[in-house]
Amino acid sequence: MSPSRLLSALACGLLFGAGLVISDMANPQRVLAFLDIAGAWDPSLAFVMAGALVPSSLAYWIKRRQARPLLDKEFHIPTSRTIDGRLVGGAVLFGLGWGLVGLCPGPAFAVLITGRWQAALFVGAMLTGMLVFRLVRQSR
Amino acid sequence: MSTLSPLWPLSGGLLIGLSAALYLLLNGRIAGISGLAASAFGWSGGGPRTAAIAFLAGLVGGAAFAQAFIRPAEMVLTGSPALLILSGLLVGYGTRLGSGCTSGHGVCGLARLSPRSIAATLIFMGTAMATVLITRHGLALV
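So the sequence lines, in the order shown, correspond to chains A and B.
The first sequence begins at 2 in the numbering used here and counts up one residue at a time.
The second sequence begins at 10 in the numbering used here and counts up one residue at a time.
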């Protein structure tokens, strides 16, 4: 792994983490308020998506004119367009977990900075879920 | 919870989008946190471990920096230990089974108009909204 690629990953992570806190998406209550369409609905998450899609859409538009990324030999972007049962089932299970507590993977790592046991317990369970998936897949 | 000026989510969203944009144009990869987490532990087919670890370390560092110097955010995480474990397991297993989460499918996938990501985002958002409807208002609806 080249140092420039590592440094770039670190910088992208810093921007991402700062964005999560600034947008208040690291606050599960703000996320749940968006998901709660029958309660005191809070549109913040929609503003986050709108803000995020501007630079990311622009980047995917630029990408179509690039043969390769600046720091690697080729792009590593999924090419599948098939909506299969695995995608649907995964999205349903994820949505269920997300709605129960209001944490998705990015904010889950961000809330670790609170130092509270609830955050560590959630991240531990989330990583365990990922490991279980890995083990189930390998045994097939 | 206090109301929030839209300027905060908009500017925070811009930073998240900028992160995804740079990770694509520099490293050539999707800035999807569930995939990065699996890569960091060597549980994913592709994806270099060291870059994933650097990204996640940066994420925690960036969150701490913003919390200390830009906007001290409330982070209210409630729920019994059993609920936190159940929810965490579902989020971890579900995002790997469905190949992505709010960042990979939501931010990156919608930006590149991937049909899979558009479907996944609609499904996990709809399921999460239905879950909140039941857990918060279920008794009132019956």
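Some clues are possibly wrong.
[As the list claims (entries may be wrong)] Stretches of chain A that chain B covers, calculated by requiring three or more beta carbons in the stretch to come under 8 Å of a beta carbon on chain B:
hint : region
1    : 7-17
2    : 26-40
3    : 49-56
4    : 63-74
5    : 89-100
6    : 112-121
7    : 124-130
[Stated by the list, open to error] Covered by chain A, per the in silico footprint, the following chain B stretches (three or more residues, Cβ under 8 Å):
hint : region
8    : 15-26
9    : 35-43
10   : 59-65
11   : 79-87
12   : 95-109
13   : 137-147
Think of the hints as simulated: they come from the structure by calculation, not from any bench.
A virtual CB, placed ideally from N, CA and C, is assigned to each residue, including glycine.
Within the assertion that chain B covers the region 63-74 of chain A, do at least three residues meet a Cβ-to-Cβ distance smaller than 8 Å?
Holds: 8 residues of the region 63-74 of chain A have a Cβ under 8 Å from chain B.
Closer than 8 Å, Cβ to Cβ, for at least three residues: run that test on the region 112-121 of chain A against chain B and report holds or violated.
holds (count 7)
Verdict on chain A covering the region 35-43 of chain B, where coverage means 3 or more residues with a C-beta closer than 8 Å:
As far as the region 35-43 of chain B goes, the hint holds, because 8 residues have Cβ atoms under 8 Å from chain A.
Chain A covers the region 15-26 of chain B, three or more CB atoms within 8 Å, holds or violated
holds (count 11)
Are there at least three residues in the region 49-56 of chain A whose beta carbon sits under 8 Å from a beta carbon of chain B?
holds (count 8)
Are three or more residues of the region 79-87 of chain B within 8 Å, CB to CB, of chain A?
As far as the region 79-87 of chain B goes, the hint holds, because 8 residues have Cβ atoms under 8 Å from chain A.
Outcome, coverage hint (the region 26-40 of chain A, chain B; C-beta under 8 Å; three residues):
Satisfied; 13 residues make the cut.
Just to make sure I understand the rule, a stretch counts as covered if three or more of its residues have a C-beta closer than 8 Å to a C-beta of the chain. Does the region 95-109 of chain B meet that for chain A?
Answer holds; 14 residues pass the 8 Å Cβ test.
Coverage claim, chain B over the region 7-17 of chain A, checked by counting residues with Cβ within 8 Å (three needed)
holds (count 11)
Given coverage of the region 124-130 of chain A by chain B, tested with a Cβ cutoff of 8 Å and a minimum of 3 residues
holds (count 7)
In terms of beta carbon proximity below 8 Å, does the region 59-65 of chain B have 3 or more residues touching chain A?
holds (count 6)
Given that the region 89-100 of chain A was listed as covered by chain B, double-check it with a C-beta distance under 8 Å for 3 or more residues.
holds (count 12)
In terms of the numbered hints stated before, the structure departs from none.
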